[in-house]
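Trainee: Below, each chain spelled out in residue letters.
Protein chains: 2
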Amino acid sequence: MNRIDQANAEALARMNRAEPVLVDIKYAGEVAPELDERTIGHAGPPIRWEDMCGPMKGAVMGAAVYEGMAQTLEEAAEKVQTGAIRLVSNHSLGCVGPMTGMITRSMPLWEVKNETFGNYAYSTFNEGLGKVMRFGANGPEVLERLKWMETVLAPHLKKAIAHAGPIPLKVIMAKALAMGDEMHQRNIAASALIAQELIPPLVHVTEDRAALERMTTFMIGNVQFFLNLAMAAAKATMDPVKNIPHCSVVTAMSRNGTNFGIKISALGDEWFEAPVLMPKGLYFPGYSEKDANPDMGDSAIMETLGVGGFSMAAAPAVIRFVGAASAGEALEYSREMQEITVGTSESYVIPIMDFVGTASGIDIRKVVETGILPVINTGMAHKEPGVGQVGAGIVKAPMDCFIKALYAFAHAEGVD
Amino acid sequence: MNRIDQANAEALARMNRAEPVLVDIKYAGEVAPELDERTIGHAGPPIRWEDMCGPMKGAVMGAAVYEGMAQTLEEAAEKVQTGAIRLVSNHSLGCVGPMTGMITRSMPLWEVKNETFGNYAYSTFNEGLGKVMRFGANGPEVLERLKWMETVLAPHLKKAIAHAGPIPLKVIMAKALAMGDEMHQRNIAASALIAQELIPPLVHVTEDRAALERMTTFMIGNVQFFLNLAMAAAKATMDPVKNIPHCSVVTAMSRNGTNFGIKISALGDEWFEAPVLMPKGLYFPGYSEKDANPDMGDSAIMETLGVGGFSMAAAPAVIRFVGAASAGEALEYSREMQEITVGTSESYVIPIMDFVGTASGIDIRKVVETGILPVINTGMAHKEPGVGQVGAGIVKAPMDCFIKALYAFAHAEGVD
Chain A
16 MNRIDQANAE
26 ALARMNRAEP
36 VLVDIKYAGE
46 VAPELDERTI
56 GHAGPPIRWE
66 DMCGPMKGAV
76 MGAAVYEGMA
86 QTLEEAAEKV
96 QTGAIRLVSN
106 HSLGCVGPMT
116 GMITRSMPLW
126 EVKNETFGNY
136 AYSTFNEGLG
146 KVMRFGANGP
156 EVLERLKWME
166 TVLAPHLKKA
176 IAHAGPIPLK
186 VIMAKALAMG
196 DEMHQRNIAA
206 SALIAQELIP
216 PLVHVTEDRA
226 ALERMTTFMI
236 GNVQFFLNLA
246 MAAAKATMDP
256 VKNIPHCSVV
266 TAMSRNGTNF
276 GIKISALGDE
286 WFEAPVLMPK
296 GLYFPGYSEK
306 DANPDMGDSA
316 IMETLGVGGF
326 SMAAAPAVIR
336 FVGAASAGEA
346 LEYSREMQEI
356 TVGTSESYVI
366 PIMDFVGTAS
376 GIDIRKVVET
386 GILPVINTGM
396 AHKEPGVGQV
406 GAGIVKAPMD
416 CFIKALYAFA
426 HAEGVD
Chain B
16 MNRIDQANAE
26 ALARMNRAEP
36 VLVDIKYAGE
46 VAPELDERTI
56 GHAGPPIRWE
66 DMCGPMKGAV
76 MGAAVYEGMA
86 QTLEEAAEKV
96 QTGAIRLVSN
106 HSLGCVGPMT
116 GMITRSMPLW
126 EVKNETFGNY
136 AYSTFNEGLG
146 KVMRFGANGP
156 EVLERLKWME
166 TVLAPHLKKA
176 IAHAGPIPLK
186 VIMAKALAMG
196 DEMHQRNIAA
206 SALIAQELIP
216 PLVHVTEDRA
226 ALERMTTFMI
236 GNVQFFLNLA
246 MAAAKATMDP
256 VKNIPHCSVV
266 TAMSRNGTNF
276 GIKISALGDE
286 WFEAPVLMPK
296 GLYFPGYSEK
306 DANPDMGDSA
316 IMETLGVGGF
326 SMAAAPAVIR
336 FVGAASAGEA
346 LEYSREMQEI
356 TVGTSESYVI
366 PIMDFVGTAS
376 GIDIRKVVET
386 GILPVINTGM
396 AHKEPGVGQV
406 GAGIVKAPMD
416 CFIKALYAFA
426 HAEGVD
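These protein sequence lines map, in sequence, to chains A and B. Going left to right, the first sequence walks through residues 16 to 431 as the working numbering numbers them. Going left to right, the second sequence walks through residues 16 to 431 as the working numbering numbers them.
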């Protein structure tokens, strides 16, 4: 085994040893001081306002109004253009958010600790489906919901977690894979399981019955409620894989709606980028491919972990939602991903494949050698600001990210 | 198509058209007047006390004490022997209960209406796992839990259902099959889904927060909570299939721990019986095959509907729990059951088999012709009274039931 293979084996071992646990809820300003009264976090690698796509711009404007940085969406846009409002990549803050991934200082975040390595990762709360900020919507109902999440849901959930104690997420994710979730576009089971963990303590700590009813209804009505928690768990799992010398394993994949970026272990926090591709999938009634924005969000951290598109075989019911043809095609995706990874997961297994682990630890060498690209299940946002979700589909990570990363890796290894 | 095939096609059509809906909660004495202050309902075809197995006797004694028919278990046994306490088959009351299936007048029942045909079916509440009456346990904690279900859980759930309105069960069952349940030994997803339906209205109608916390914790902590509801839905679905002239489809399969009984459509409520077989499966730590009672319970109504063992391919995670070897074996069971049924379900499909319906409408002619027996996933009770569950496994319906039914059917058809 050469030094690269040894380093990659260490990466997979760290992934397998990870123990992501939900420990608390914090406000973004508490955990990421860089998120001050004029700074907004966004999904994907760093990007300038003028390069942002429509839904990302729409979300930035909405987030600025939500946070009180501007009174109107127009004022928000002006302030970003003049530099009065700053933009920062979530990953650099230890955070992740799906789609546009907006994070501002007043937003509550799930705090997930990797008990094995002691590191923390954070994600926003999931807003539900339809017109929501993560898909670029920014109307009054979007901001009202975010404010309710900040002022009612978060403080009660914080108390509930304090009452219940830390909630291990690995077991929930493993159970959900046996219940038809793939953990990216389908989190129905995981959302039910985390609601089951949270509701009894929430009942215990909540005196206001009307608040309790809205909170339980909100959590139960949101089939993607768990996605953001899964993303924080995935980031908490992948961060200790960073900076292993000679390691060619991908530690993050993320998209800002314009560019797709990856990080690899040996090269720390350097992004290797290429233009995002357009997902292929199914559109909600009234929308078509010409309405859709290309691939976006920090949520590809799920595929970085080895679930989502990688575990599609576990979720036959998601197949039609993302536009795949048959259960056989889903099995094929899950098998094919094994060709570009270091190995398979000990924790996340696919029962229908006789409990084989999901393909884990994407090796950029294998991606470039085989030409097989990581497959990602994703939501699709409308390309105009303020509209929201228009469908869901399957997209590939662009090859150029891996080629650029491999050149840089080879150079660092002295073999170019 | 001959008259039998036509009748059987009608049976399958009625199964497909069924719309089982949870409409209310009633006490057993209200809906089954035969359950008076000295009568106990039990699972399976009718049986005398002296022929009952250990766990069924244990449950009868416990039920008698719970209902106040006797002060002690010993007194209860005496009163049954002398005829002061009477025994009656649940199916004759329009009810079903898993394992021992005890029903007495004070017990709350789920009321399920088949909206298409207007008929009702009832089942008890699931008590959870471990030491519970359905597995023959009868200690003080068993009776205390039943009393709490009667006096706290049931009245609140009744109010919650009245507030929420009727809850369609078919969609929950169909969803659960896409979430890794087979609906007999694994109801994790369905239990989560029904809890999600019931909890928000329960929050709305419950003033006592301590009661609310115990109720939510109880529902959420019981991964088989939905089983009994599924059984009532299955009975409500199968009852309109009864009494179709020339129809050789099985409308009920049930076991009293001593005998296995089936009913077929053309012959109404006549039971065709044979001794129950011993399940093969996995035992909880400390138990082995020599501790187990043979097959028991009304829950084979699930396989009568075409789920449970018939839909094992939908539930790869249950495979190991019931002792099957591999995911491939589960697929094989689900495919094999198609050989003994009229067709496949339009409502209950198996995503991993490319959304084929589960095998539905067991035709006794095909069972006898092929020698393929219905496969049933089942829990296993300790053979002594008062102990409880010792494992779970797979069991076959005994061939003699089908041979006896086929003789009687042939005679009725004038072809013997």
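Honestly, I wouldn't trust all of these hints.
Because identical chains cannot be distinguished in the list, a pair is counted as satisfied if it fits within a single copy or across any two copies.
[What the hints assert, rightly or not] Calculated lysine to aspartate or glutamate pairs in the DMTMM-like style (CA-CA distance at most 25 Å, straight line): (1) K173 to E93; (2) K173 to D20; (3) K174 to D254; (4) K94 to D306; (5) K146 to E212; (6) K419 to D254; (7) K173 to E222.
These are calculated hints, taken from the structure and not from any lab test.
Trainee: Are the hints correct? Go through all of them and say.
Mentor: Evaluated hints:
no., hint, in the structure
1, K173 to E93, "neither (36 Å within a copy, 56 Å between copies)"
2, K173 to D20, "neither (42 Å within a copy, 61 Å between copies)"
3, K174 to D254, "neither (28 Å within a copy, 49 Å between copies)"
4, K94 to D306, "neither (28 Å within a copy, 75 Å between copies)"
5, K146 to E212, "between (27 Å within a copy, 24 Å between copies)"
6, K419 to D254, "within (21 Å within a copy, 66 Å between copies)"
7, K173 to E222, "both (14 Å within a copy, 23 Å between copies)"
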